[in-house]
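Protein chains: 2
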Amino acid sequence: MRFHDVFSFLLRLSAATAAAVTSCGRAAESADLIVTNGYVLTMNDRKDIHENGAVIIKDARIIAIGPASLAAQFTAPKTIDARGAIVMPGMINTHTHASMTVFRGLGDDVPDRLRALIFPLEKALVNRELVYWGGLHGMIEMVQGGVTAIANMYYFEDEVARAAKQLGLRGVFGQTVINFPAPDAPEPYGGIALAKKFAAEYRGDPLITPAIAPHAPYTLDAAHLRIIARESETLNLPVLMHVAEMTDEVATIRKEHNQTPIEYLDAIGLLNRRLIAAHCIFVNDSDIALLKARDVGIAHNMVANIKSAKGVAPALKMFNAGLRVGLGTDGPMSGNTLDIIGQLGYVAKLHKLDNHDRNVMLAVTVVEMATRGGARALHLEDRIGSLETGKLADVILIDRDATHMIPFYDAYSTLVYAAGPRDVRTTIIHGRVVMEDRKVLTVDVADVAAHMRTIAAGISAAVAKGIR
Amino acid sequence: MRFHDVFSFLLRLSAATAAAVTSCGRAAESADLIVTNGYVLTMNDRKDIHENGAVIIKDARIIAIGPASLAAQFTAPKTIDARGAIVMPGMINTHTHASMTVFRGLGDDVPDRLRALIFPLEKALVNRELVYWGGLHGMIEMVQGGVTAIANMYYFEDEVARAAKQLGLRGVFGQTVINFPAPDAPEPYGGIALAKKFAAEYRGDPLITPAIAPHAPYTLDAAHLRIIARESETLNLPVLMHVAEMTDEVATIRKEHNQTPIEYLDAIGLLNRRLIAAHCIFVNDSDIALLKARDVGIAHNMVANIKSAKGVAPALKMFNAGLRVGLGTDGPMSGNTLDIIGQLGYVAKLHKLDNHDRNVMLAVTVVEMATRGGARALHLEDRIGSLETGKLADVILIDRDATHMIPFYDAYSTLVYAAGPRDVRTTIIHGRVVMEDRKVLTVDVADVAAHMRTIAAGISAAVAKGIR
Numbered sequence: 423m424r425f426h427d428v429f430s431f432l433l434r435l436s437a438a439t440a441a442a443v444t445s446c447g448r449a450a451e452s453a454d455l456i457v458t459n460g461y462v463l464t465m466n467d468r469k470d471i472h473e474n475g476a477v478i479i480k481d482a483r484i485i486a487i488g489p490a491s492l493a494a495q496f497t498a499p500k501t502i503d504a505r506g507a508i509v510m511p512g513m514i515n516t517h518t519h520a521s522m523t524v525f526r527g528l529g530d531d532v533p534d535r536l537r538a539l540i541f542p543l544e545k546a547l548v549n550r551e552l553v554y555w556g557g558l559h560g561m562i563e564m565v566q567g568g569v570t571a572i573a574n575m576y577y578f579e580d581e582v583a584r585a586a587k588q589l590g591l592r593g594v595f596g597q598t599v600i601n602f603p604a605p606d607a608p609e610p611y612g613g614i615a616l617a618k619k620f621a622a623e624y625r626g627d628p629l630i631t632p633a634i635a636p637h638a639p640y641t642l643d644a645a646h647l648r649i650i651a652r653e654s655e656t657l658n659l660p661v662l663m664h665v666a667e668m669t670d671e672v673a674t675i676r677k678e679h680n681q682t683p684i685e686y687l688d689a690i691g692l693l694n695r696r697l698i699a700a701h702c703i704f705v706n707d708s709d710i711a712l713l714k715a716r717d718v719g720i721a722h723n724m725v726a727n728i729k730s731a732k733g734v735a736p737a738l739k740m741f742n743a744g745l746r747v748g749l750g751t752d753g754p755m756s757g758n759t760l761d762i763i764g765q766l767g768y769v770a771k772l773h774k775l776d777n778h779d780r781n782v783m784l785a786v787t788v789v790e791m792a793t794r795g796g797a798r799a800l801h802l803e804d805r806i807g808s809l810e811t812g813k814l815a816d817v818i819l820i821d822r823d824a825t826h827m828i829p830f831y832d833a834y835s836t837l838v839y840a841a842g843p844r845d846v847r848t849t850i851i852h853g854r855v856v857m858e859d860r861k862v863l864t865v866d867v868a869d870v871a872a873h874m875r876t877i878a879a880g881i882s883a884a885v886a887k888g889i890r
Numbered sequence: 423m424r425f426h427d428v429f430s431f432l433l434r435l436s437a438a439t440a441a442a443v444t445s446c447g448r449a450a451e452s453a454d455l456i457v458t459n460g461y462v463l464t465m466n467d468r469k470d471i472h473e474n475g476a477v478i479i480k481d482a483r484i485i486a487i488g489p490a491s492l493a494a495q496f497t498a499p500k501t502i503d504a505r506g507a508i509v510m511p512g513m514i515n516t517h518t519h520a521s522m523t524v525f526r527g528l529g530d531d532v533p534d535r536l537r538a539l540i541f542p543l544e545k546a547l548v549n550r551e552l553v554y555w556g557g558l559h560g561m562i563e564m565v566q567g568g569v570t571a572i573a574n575m576y577y578f579e580d581e582v583a584r585a586a587k588q589l590g591l592r593g594v595f596g597q598t599v600i601n602f603p604a605p606d607a608p609e610p611y612g613g614i615a616l617a618k619k620f621a622a623e624y625r626g627d628p629l630i631t632p633a634i635a636p637h638a639p640y641t642l643d644a645a646h647l648r649i650i651a652r653e654s655e656t657l658n659l660p661v662l663m664h665v666a667e668m669t670d671e672v673a674t675i676r677k678e679h680n681q682t683p684i685e686y687l688d689a690i691g692l693l694n695r696r697l698i699a700a701h702c703i704f705v706n707d708s709d710i711a712l713l714k715a716r717d718v719g720i721a722h723n724m725v726a727n728i729k730s731a732k733g734v735a736p737a738l739k740m741f742n743a744g745l746r747v748g749l750g751t752d753g754p755m756s757g758n759t760l761d762i763i764g765q766l767g768y769v770a771k772l773h774k775l776d777n778h779d780r781n782v783m784l785a786v787t788v789v790e791m792a793t794r795g796g797a798r799a800l801h802l803e804d805r806i807g808s809l810e811t812g813k814l815a816d817v818i819l820i821d822r823d824a825t826h827m828i829p830f831y832d833a834y835s836t837l838v839y840a841a842g843p844r845d846v847r848t849t850i851i852h853g854r855v856v857m858e859d860r861k862v863l864t865v866d867v868a869d870v871a872a873h874m875r876t877i878a879a880g881i882s883a884a885v886a887k888g889i890r
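So the protein sequences, as listed, match chains A and B.
Each residue of the first sequence is one higher than the last, beginning at 423 in our numbering.
Each residue of the second sequence is one higher than the last, beginning at 423 in our numbering.
These are calculated hints, taken from the structure and not from any lab test.
We put the CB at the ideal spot given by N, CA and C, even for glycine.
Possibly wrong hints are sitting among the right ones.
Stated by the list, open to error - Just some of the chain B residues that point at chain A, by a computed CB distance under 10 Å: (1) V725; (2) G733; (3) G764; (4) R844.
Claimed, not checked - If you want the ones that stay clear, here's a sample from chain A, every Cβ over 12 Å from chain B, calculated: (5) K480; (6) Q495; (7) K587; (8) N601; (9) F602; (10) A615; (11) G691; (12) G812; (13) D823.
Next up, chain A with everything else stripped away, as it sits in the complex:
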């Protein structure tokens, strides 16, 4: 019997007495926010569920969790009635490029999009304003879909961080470094200096973790990758990077270094606990062992990887080997939507297909990857990823009332195989209610959409003139 069960048992035994005592003057403990009457999925080690439960929040942290009767022991200026909802840890998007919402749906289904379309578009059109509005729009979509923490990489990353602060979204934000002149850095590799400036600006921020984002092993030379490895160590900066994503990448590194991308990054000094490696599609068993030994975080982007016909990363094998595997959407030119709920079904089904076994990649495993797995991938599992006393209060409510959510036999199954992003009712991040009953409270969603439409009109005009 765990602590909260004992607590609950005693509470039930003495409910009348306790109420009397409270009314006689023994003050209930003060909190900031009470979420009660929900179906609480803790995602703790034992996967405890409180079928009618409460989560008590104070100073941005969970201070108590248990059966709904717990709520009576606390007073708070705000109580959220979670009746008819699943209450669970916020989902974590471990790899995205939120600002690319401005390009969403442009040139889908065309070959070699990265070089033929994305890089030219970015070169011609990306500026501070686009990054800010596109980033804010993308992050609104994530909050609406129950994402409470992200790992994002792009140009002008300080603009994305600024938008995230306004919205109230947590994240690891990586300033991009690449071997050609970028929208935010006229000199190749100019992103390194920008990353150091950005890191200094946000160090110690409760929501924003600044990071450096070398684009990929094939778009930076070894000398600069080594510089980044050193800066990361000196400044304790997380590194976000696309890794083992492309067959070209694998072939080039094999040819030039006779190594796998993983071995190559290890030799460079980048393979360590500060690295969050996106994709890892083309990794062999020895690579997986090395990733595990170096304690690297893995962002698994199922939808984007299959839309581009790249393949199914061995995420189940990595998860079973104990690696830190979280889920990601990739950017909205790659996977189009930015919520994690939309990834769950794909992750479950593609690994069943890939393994020719309907009994693998269980729903509960997928939900774990979306929550604790994501926290582990970002090396933030001591702070977020589950609903437990002492953790930061990143909590979402998912409605169980929509037609497709009925009946409700198994919460994990319902989440993975039936739920959609619109079923998210309320999103709480760092103890703050960012969206309540589908209304985003911190920024003006319609105003952001209006800015997006203006930016998109400019992009359409540029494309019509032949930017491609």
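Assemble chain B onto chain A, guided by the hints.
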């Protein structure tokens, strides 16, 4: 310049005059329903789009379609303002078992579910009441997700048809026949007599097309399959059947008849234009040629097929060969959700992955499969599947305002890669507004949900007592 463009041009030239003439007594043509100011995807042969368009409906049919200015030429008791929405043909779910919503989410991820779980549950629990309420609930979900026509197969199929009539959903409804005592027929093959009775009851109904549904080649003997083939011919009854879905099925028919399932059904006499064959995962090039020659309709159920790790049906190859390929969800124990929008992204991405080519199974092809392809699979393409003058008015509105739907560069891309079932705003079937602004108008959704919860509680109790 097509007809409606000319029409629109003339209208613009003489707008003031036309209005004057009308007010001077030349009566505008009367209609039942006008849908205007929408982004109209016709899905006709030329894939015409009216960026600001109107659809005029009378006597359950589309009597005019074109630019929004067209609306001024008609009067109707009701006008729907489709501003901010895509207006398109309703989607068609070519294979489902709607009543199985009562079992949704029960025992996902377990091996040999059909024999170990589904058949025993059905034997113990399925009755008229369950079929009616489960069917109605499932069909409500479809209407909410923009489905306007279905092919359904189950026991007590007359109850599903009754529920569909109440809701106002179009469909081909197949009474199941199987080689063991079924919930609705104590004798093996008792479904044949039930199907004949059901067919007589609904013959000529504008919404309900009765059909016979032999479960699969491996669950009926050849003698009874031949009887069904004859009845189908005599009564001109569509036949719904699971075909080439299981590796066991393929192996057994190879062993017993030295044929593929497709060759076997052809020899039986079932392979013809009345057959709607669900799945067709294990078909070779010669099978595909035979299916084409016999003009069989194909229901492609991507999500269900990969969730059960069966494989990716060669649907693209079949589509390219000119076969009648539509999309289906399969039952909610197989694919869990029943809307077709949720299938679109899977279909696009899985075929890219399976073909190792991101430039195949384009978004526009997927939308075609979901609409015209479905109509062709059901052999109803002369009546539904596109927005064209003379076709029955099965029309849906999909909102473009949600965060994930912005920007809007390409309608097909947005539908396939970003839209969700909750984006459907309004569903019109046979000229009747069945759902408007997300509110289902024909049945009491909350009352149906309450019945579902009662039935589900009974099922939970039965499972707890060890039905498995």
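The hints, checked one at a time:
| no. | hint | in the structure |
| --- | --- | --- |
| 1 | V725 | holds (7 Å) |
| 2 | G733 | holds (7 Å) |
| 3 | G764 | holds (8 Å) |
| 4 | R844 | holds (4 Å) |
| 5 | K480 | holds (31 Å) |
| 6 | Q495 | holds (31 Å) |
| 7 | K587 | holds (19 Å) |
| 8 | N601 | holds (25 Å) |
| 9 | F602 | holds (24 Å) |
| 10 | A615 | holds (32 Å) |
| 11 | G691 | holds (34 Å) |
| 12 | G812 | holds (32 Å) |
| 13 | D823 | violated (8 Å) |
Going down the numbered hints, you'll see the structure goes against just number 13.
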